[in-house]
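Quick note on my numbering: the sequence shown kicks off at 28 and runs consecutively.
By construction, these hints were calculated from the structure, which means they are not laboratory data. A couple of the hints might just be wrong.
Think about it this way: if two alpha-carbon atoms lie no more than 27 angstroms apart in a straight line, the pair counts; the simulated DSS-like pairs of lysine-lysine are [unchecked claim]:
{"id": "1", "residue 1": "K32", "residue 2": "K125"}
{"id": "2", "residue 1": "K265", "residue 2": "K235"}
{"id": "3", "residue 1": "K389", "residue 2": "K360"}
{"id": "4", "residue 1": "K360", "residue 2": "K377"}
{"id": "5", "residue 1": "K376", "residue 2": "K360"}
{"id": "6", "residue 1": "K185", "residue 2": "K138"}
{"id": "7", "residue 1": "K235", "residue 2": "K138"}
{"id": "8", "residue 1": "K185", "residue 2": "K235"}
{"id": "9", "residue 1": "K185", "residue 2": "K265"}
{"id": "10", "residue 1": "K356", "residue 2": "K235"}
{"id": "11", "residue 1": "K258", "residue 2": "K185"}
{"id": "12", "residue 1": "K153", "residue 2": "K138"}
{"id": "13", "residue 1": "K356", "residue 2": "K389"}
{"id": "14", "residue 1": "K360", "residue 2": "K235"}
{"id": "15", "residue 1": "K377", "residue 2": "K356"}
For clarity, every value in this text was computed on a predicted model and none was experimentally measured.
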Amino acid sequence: MQTQKAQQIADGIFAVGAVDTNAARFHGYHVNRGVTFNAYLVDNGNGTFTLIDTVHRDKTDILCERIASVTAPSNVSAIIVNHTEPDHSGALPALLQKTGAAVYGTVAAAKLLQNMYGIIGVQTVKNGETLSIGERAFTFAATPMVHWPDNMVTYLAKERILFSNDAFGQHYATQDALDTANDVDVAIAEAQHYFANIVMPYRAQAAKATEAALSLSPCMIAPSHGVVWTKHIPAIAKLYRSLAAGETRGAVLVFDSMWGGTAERAQEAQQTLRAHTDTIAVFDLRTCHLSDVMSALAAAEHVCIGSPTYNGYPTPRVSTLLAEIEALKPPVKEYSLFGTFGWGGGAAKKIDEKLNALGLTKAFDLTRA
């Protein structure tokens, strides 16, 4: 097996996380291009090192091997925990056994680490506080509910490097950490997919965090998933500002079908929609992943939903779509419906009731007996 080595991304700063190209699901939803669990090792300039975030417990050995390619793990004197979710903190107990490092995090992070792993003695940091270790000065900014209450980001002001944890991240399994070595269009698409399925319910908090982060004028944004942003910071900044603000355009047409009737009606519905918008993304739930639908809905004005009647209700796949719309809260403003009648109808009525209750406006009616 090939030795896992760190990648230097700046002077004395290394990417030491893990890549999982085979991952198909994360956080309960589908991912298209695998997962990276990013962690960063910072040379403090005095013989010690600081580790920012860790990795999933299953990837602990990779993390340790990559750290060891730079320095002995015993030289890691500090571990900064930006977020305690297991994909970022799972390796922490094992790291503490190897390093005995001091752990830093928010008050909420300290409570969660004790509850999750029995870790006590976490040194809590406040919003705006700066911690000096050797030649490095780490400044912390709290970003609660982006997307857990414990979240924060870490900034190296002199170097202008922001360690943003989940913000600006993507599920994109790449062996080269830097955006310049990857397809930026793919990275941006995966950033929207990630935002839609993780961050979207917290758009207001994300908007504040985005502006606070970008006001620092970082020359590098190093998230905990996906590529590290350098040259393409303007592109990811534009995307996040748009998504966090709930800017919308175009339509999403999504349907399920049991015997093909609703699929046929989807063609008619698409023609009707074209009179209202020239941007339509179409998803057949028999073959498309729901997480991809939510990614499109993160920037859509209109949703058109088609379902056959299934025992008086929408199909299970459409019912799950409605549950996701309720939970993830895309900024969609209006809707239309179509479907097939079944034994006695009912699907359209149930969908209509749900979307009305969620505050969407019915634009027009495509249903028929």
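Evaluated hints:
no., hint, result
1, K32 - K125, "holds, 18 angstroms"
2, K265 - K235, "holds, 14 angstroms"
3, K389 - K360, "holds, 9 angstroms"
4, K360 - K377, "holds, 18 angstroms"
5, K376 - K360, "holds, 19 angstroms"
6, K185 - K138, "violated, 31 angstroms"
7, K235 - K138, "holds, 24 angstroms"
8, K185 - K235, "holds, 23 angstroms"
9, K185 - K265, "holds, 25 angstroms"
10, K356 - K235, "holds, 18 angstroms"
11, K258 - K185, "holds, 18 angstroms"
12, K153 - K138, "holds, 14 angstroms"
13, K356 - K389, "holds, 17 angstroms"
14, K360 - K235, "holds, 22 angstroms"
15, K377 - K356, "holds, 19 angstroms"
The earlier numbered hint that this structure contradicts is number 6, and it is the only one.
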